[in-house]
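First to last, the sequence lines map onto chains A and B.
Counted from 1, the first sequence has number 44 at position 45 by numbering that gives the first Met the number 0; the numbering is strictly sequential.
Counted from 1, the second sequence has number 15 at position 16 by numbering that gives the first Met the number 0; the numbering is strictly sequential.
Rather than coming from a laboratory, the hints here were simulated on the basis of the structure.
Watch out, some of these pointers could steer you wrong.
[To be verified] Which stretches of chain B does chain A cover? Using the computed rule of at least three CB atoms under 8 Å from a CB of chain A, they are: (1) 14-24; (2) 34-40; (3) 50-61; (4) 73-81.
Quick reminder that beta carbons are idealized off the backbone N, C-alpha and C, glycines included.
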Amino acid sequence: MEPVTGDSTQRAWIEEFEAAARRSLETRFRYAFIHTYKPVLDDVPYRAFDSMAEYRDWCEAHLPSWLGYGRV
Amino acid sequence: MAAFEYRQAQEIRDALQRHGVRYLFIGKSGAILLGFPDTTQDADLFVDKSPTNGRALVTALRDLGFAITTEQAGDIERGRDFVQLKDGPFDLDLVFAPDGIERFADAWARRVDVEGFPVCHPDDIIASKVAANRVKDRESLPRLQAFRDYWKAKQATRDRD
Chain A
0 MEPVTGDSTQ RAWIEEFEAA ARRSLETRFR YAFIHTYKPV LDDVPYRAFD SMAEYRDWCE
60 AHLPSWLGYG RV
Chain B
0 MAAFEYRQAQ EIRDALQRHG VRYLFIGKSG AILLGFPDTT QDADLFVDKS PTNGRALVTA
60 LRDLGFAITT EQAGDIERGR DFVQLKDGPF DLDLVFAPDG IERFADAWAR RVDVEGFPVC
120 HPDDIIASKV AANRVKDRES LPRLQAFRDY WKAKQATRDR D
């Protein structure tokens, strides 16, 4: 398969956006929302933080890095 | 926990409207409402931080089936910056001070209505993701920015016609 880069990536994205625009909101929802278990994050029913910085720090300290919640 | 469904989004919209809650869909769930084709796991709501709005939100969430304790209600009414609910009928993140957006009123003024759903403008969704600077956001940003440009062009065409 030919690698998709640059302009061809942009064209592919536009085609995806156009296709999505033809779907109803309900259908877009069905395609968009998924549920998979996220370790640690899904293990307690409730969390609250006084600041977003505190939440980001908690994510970096406690979540597996592969979840992608760490800052760049 | 099953995936978040359109019916549940409608229930959020209707319950929060019934109780007069000022909020906006933000994050990828907001982008999806605007038409962005991607996947996500939960809904993120940017909520106007005020005791009155917080109280109305607690009432609405209880109507929706969230078992909000007195302590949790206090957190929401106080508007702690980030509240994560994971034991209700669906996962819900309440964000009272998203990264990259100065004031709720500014985002509210720029909001987009999608079939009755109040949604942050794509510029605000992108601003919050840029400011959050997470690995997973960085990966999805180029495509989201391309969608924002596509969306704006469509809006301009619609306005012109």
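Just pull the numbers of the violated hints for me, sorted ascending.
Violated hints: 1, 3; rest satisfied.
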